Amino acid sequence: MQDLSKISVVLPSLDPDEKLNAVINGLLEYGFSDIILVNDGSKQENLHYFTDAAAAHPEIHLIHHEVNRGKGAALKTAFQWFLDNCPEGVGVVTVDGDN
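Going by my numbering, 379 is the number at position 12 of the sequence shown; the sequence numbering is gapless.
No lab work stands behind these hints: they were computed from the structure.
Quantities reported herein were computed from a predicted structural model and do not represent experimental measurements.
From the three backbone atoms N, C-alpha and C, an ideal C-beta is built for every residue, glycine too.
Some clues are possibly wrong.
[Unchecked claim] Computed cross-link-like contacts, EDC-like style, restricted to lysine to aspartate or glutamate with a CA-CA straight-line distance of at most 20 Å:
#1 410 with 382
#2 443 with 384
#3 410 with 463
#4 386 with 463
#5 386 with 370
#6 373 with 401
[As the list claims (entries may be wrong)] Pair ranges (Cβ atoms, derived):
#7 369 with 411: 33 to 43 Å
#8 411 with 373: 31 to 41 Å
#9 369 with 412: 32 to 42 Å
#10 414 with 451: 32 to 42 Å
#11 400 with 447: 13 to 23 Å
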């Protein structure tokens, strides 16, 4: 398997369900070790999916948008976080949270 330690996964999500955990687990099993998870203004009743995932996996960096700003804005927020916090990173891949 390739070394994916310098590749971050950007995972924007709005009002996720239990599929979010399956996506995260699949990414970790594949070998990714850095996940930037963006809550793009989800409803209160869906927030636990984000906080539970972040609490269970130290590989997750959780970012919150207070209101829904759209997928493009969620990606831009994550890309900026990557640039500011991952100086050794070589790139990012994006993944939808509802697959």
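message = Against the 20 Å threshold, does the CA-CA distance of residue 443 and residue 384 hold or violate the hint?
response = 23 Å, violated
request  = Assess, step by step, whether the Cα of residue 386 is no farther than 20 Å from the Cα of residue 463, and give holds or violated.
outcome  = 11 Å, holds
task = Note whether the CB distance of residue 414 and residue 451 lies within 32 to 42 Å or breaks it.
result = 24 Å, violated
task = Would you mind confirming whether the straight-line C-alpha gap from residue 410 to residue 463 stays at or under 20 Å?
result = 18 Å, holds
inquiry  = Does the beta carbon distance between residue 411 and residue 373 stay inside 31 to 41 Å, or does it fall outside?
reply    = 36 Å, holds
message = Does residue 401 sit within 20 Å of residue 373, going by the straight-line distance between their CA atoms?
response = Satisfied, since the Cα-Cα distance of roughly 8 Å is no more than 20 Å.
key: CB-CB spacing for residue 447 and residue 400 relative to the 13 to 23 Å hint   = With a Cβ separation near 20 Å, residue 400 and residue 447 satisfy 13 to 23 Å, so the hint holds.
key: Whether the CB-CB distance between residue 369 and residue 412 falls inside 32 to 42 Å   = Since residue 369 and residue 412 have Cβ atoms about 38 Å apart, the given range 32 to 42 Å holds.
message = Does residue 370 sit within 20 Å of residue 386, going by the straight-line distance between their CA atoms?
response = Cα-Cα ~26 Å, so violated.
key: Verdict for residue 369, residue 411 (Cβ pair) under range 33 to 43 Å   = The hint (33 to 43 Å, Cβ to Cβ) holds, given that residue 369 and residue 411 are roughly 39 Å apart.
20 Å limit on alpha-carbon distance, applied to hinted pair residue 410 and residue 382 = Holds, at roughly 6 Å.
The structure is inconsistent with the numbered hints 2, 5 and 10, although it conforms to all the rest.
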